[in-house]
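Here the protein sequences line up with chains A and B, keeping their order. The first sequence lines up with residues 0 to 142 when you count with numbering that gives the first Met the number 0. The second sequence lines up with residues 0 to 304 when you count with numbering that gives the first Met the number 0.
A portion of the hints provided could be inaccurate.
No more than 20 Å apart at the CA atoms, straight line, and that leaves these computed lysine to any residue pairs for SDA-like [to be verified]:
hint : chain 1 : residue 1 : chain 2 : residue 2
1    : A       : Lys67     : B       : Asp283
2    : B       : Lys235    : A       : Val120
3    : B       : Lys291    : A       : Ala60
No lab work stands behind these hints: they were computed from the structure. On a predicted model such as this, the values are computed, not experimentally measured, just so you know.
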Amino acid sequence: MLGNLNGNKFRGDASVLDKALLIQLGGSIAAVALLVAFAAWMGVARATPPLDAEAARALVALEFPDHKPDAVWIAADGAGVIAREGDLALVLYRRGDSYVARDLPWSVIAGLKPTNGRLPVRLGDARPVFAVNDDVWPPKELA
Amino acid sequence: MLKAPFDPVQLAIPFFVLAIVLEILVGRFGKAKANYETRDTAVSLSMGFGSTVAGLLFGGVVFATTVWVWHHRIFTIPMTAVWAWVAVFLLEDLTYYWFHRLSHERRVWWASHVNHHTSTHYNLSTALRQTWTGGVAGTWLLWLPLSFLGFPPAMVAIQKGVSLVYQFWIHTEAIKRMPRWFEAVFNTPSHHRVHHARNARYLDANYAGILIIWDRLFGTFVPETDEEPCRYGTVKNLGNFNLFHNVFHEWIGIGKDVAGSKSPREALGYVFGPPGWSPDGSRDTSHTLKAKWRARLEAEGSPPQ
Chain A
0 MLGNLNGNKF RGDASVLDKA LLIQLGGSIA AVALLVAFAA WMGVARATPP
50 LDAEAARALV ALEFPDHKPD AVWIAADGAG VIAREGDLAL VLYRRGDSYV
100 ARDLPWSVIA GLKPTNGRLP VRLGDARPVF AVNDDVWPPK ELA
Chain B
0 MLKAPFDPVQ LAIPFFVLAI VLEILVGRFG KAKANYETRD TAVSLSMGFG
50 STVAGLLFGG VVFATTVWVW HHRIFTIPMT AVWAWVAVFL LEDLTYYWFH
100 RLSHERRVWW ASHVNHHTST HYNLSTALRQ TWTGGVAGTW LLWLPLSFLG
150 FPPAMVAIQK GVSLVYQFWI HTEAIKRMPR WFEAVFNTPS HHRVHHARNA
200 RYLDANYAGI LIIWDRLFGT FVPETDEEPC RYGTVKNLGN FNLFHNVFHE
250 WIGIGKDVAG SKSPREALGY VFGPPGWSPD GSRDTSHTLK AKWRARLEAE
300 GSPPQ
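Isolated chain B, as found in the complex (with noise of 0.2 Å):
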């Protein structure tokens, strides 16, 4: 009921390995689409390899506070009924939109998270670019919810990995489209190759970790165009490889600006306001990036749809 019995991230490494192998040769030999540049890979699977060691760092932290939160709880979940994993599928999924939102959204989960998008490719060894900071941050935070409900802390693990794992394979150009069934339901290569696209018409949407639904709900979904292909990684691309400058640059821009800023006010949004926020506005976010998109379509006379 504590401890999960298995981890589904490590029980998939061996797969994930040889996904990424397979995914290289299908790319050398040209059977579908799919680029790795050295340096961009070392980056990507240091990133995920460090994070692990992160997460066994921070790991007694958050699993002691979700361990106490259960101690408090609501209800008594059984880990043996199917339609409480029903359930905690259902909501860890919604959890997962609601964290991947913020991280996007606010600039202190930003600096955590932006290392998943940095990297200019968008292939397999992309999905392993991991965070190292997300325990700092307290992102994992929005998961004691569903142990204070009464959700056992080892099936909360335990469908944490699966949303992992399945969001593993998404991470690729070889595959364009799904059968529109699946689309329409589920996160797949197409919905989130948008998800990391920096174009501008792609900014913030496709948060989905399973499920795309969220997205439609919430309408931050939209849809891969033909017509403008993704170009990936940040909106200012980072001028190195160097794989310590990828994992804090963020947060030391927002020291930088903390410790610039000339009120309380202005500091609260450098860390809390969009990526981008400055006091005077003259950074770009994601949302002026949007509007001059849209002024110069409308000045070229053809509006977005």
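Okay, chain A solo, but in the shape it has when bound (with noise of 0.2 Å):
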């Protein structure tokens, strides 16, 4: 556009110009993808496997320090954890190969229904999915 205003010779330039910014472009967003499927295929994520009681008490002990939670859940594939400390919730699910906390009222989390051995929590910015046995929910352990 700003050829056509200034003459041939600018159109020349500019167009070299768009030329050598697209080849750029184009060769920085094949290097993402590479060095992506690099390290995909080398398989460096940290290790996750399912947490058991003990893993999943230093977990809610970690994430939220000022805590006591009464009781304590582990989904049933261990990628995830409820605890309840009286009318408040500490929920942790499993996020690539690290754990995000959130807390939230213990009355929404009683609330929910699980379908087919999943139970999935509405969160702000996410909406993890917790693996339930036998659709019983609240778990005895919670309730």
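Two chains, two frames, a set of hints: combine them into the complex.
Put into structure tokens, the structure is as follows:
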């Protein structure tokens, strides 16, 4: 567009510039894709074995150091934890090879209904799904 | 004098790519600590790419303003003098320190900078997790006094690039400690791990670019301790790997808070207060988190040293 306003020479320069820029941007996108694929192929993420009782308690203590939950429930697949401290639910779920912690009113968690062994929890910026045995909710540990 | 004859960051890009490949390999073969999660890496590298595009869009405004200020300079500093390069190295690094500190301690600038800290990993790809909204946040204005003093815009741009390239290699867990004299003067992987940590002990520390002396001078230096390994990310880690959520979440948070504020004072607090500020003090700031951490340690009978 600027080329039309400024004559042929500028149009030529602008098109070379545009081409160089496009090549650079295209090359960058390709490099990003290749590096991500390489990282995935190499498999160097942290190990995230299913949480057992000890690991779950340690994780809750680390993420909620000012809380003393009365009970801790571990998802059936070991990928998440819901702890209860009175009227508060302390929620931890796996995201990639790390865990995300959120707290919300216990009444919200208690009112959820699992289907086919899945309990989706609506949070502000995510909707983690917890694996539940027998579609019984809330579990006896937390009730 | 105006436009830099070369861009250190552009020149270093092949090195960045090779270094990331090398870090992944040393992690894979157990030669050093290095973890890469695929989606986390994708977000980091996409942020780096996007920040280059954002820089192209906003670069004209920054360059034009810098040139305008330089035309109104106090002194004329030659780009060929060694003393001028020493001076710009020190002054740019000092500017970086204050830019970085403001970017952590005031929410409006944190909104632009937070996405550099959202990775729960600390590897070389994290270094490329750069802001898209720095131009809008206006932190680049902090470098204008250098041009007003008389440093040519090209000189300032080159030094900013050198600082950015220097800071790339310190984003790694593969290097434990550098020699003592180096740790005393320069920013290192150990010092910068502390800066990226979300442990209460390590919050709001080690803002240095190249020289760690600024943190030691202004009281923000915190050493890494072996007893408490760094846990990375933000105090409240993001719930997803959505790139655009990563870029804009804090801006959206500010917008919601300002829209719901009951007075102009509250609105100003939400924008210019520390991250986590709220009128009733119901949210946590770095300050309250550190206070709680100290109280816990004291209750356990082991107050922080």
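Holds or violated: are the alpha carbons of lysine 67/A and aspartate 283/B at most 20 Å from each other?
-> Satisfied, since the Cα-Cα distance of roughly 18 Å is no more than 20 Å.
Mind checking the alpha carbons of lysine 291/B and alanine 60/A for me, to see if they're no more than 20 Å apart?
-> holds (14 Å)
Taking only the CA atoms, is the gap from lysine 235/B to valine 120/A under or equal to 20 Å?
-> This hinted pair holds, its Cα atoms lying about 17 Å apart.
Violated hints for the displayed structure: none, as all numbered hints are satisfied.
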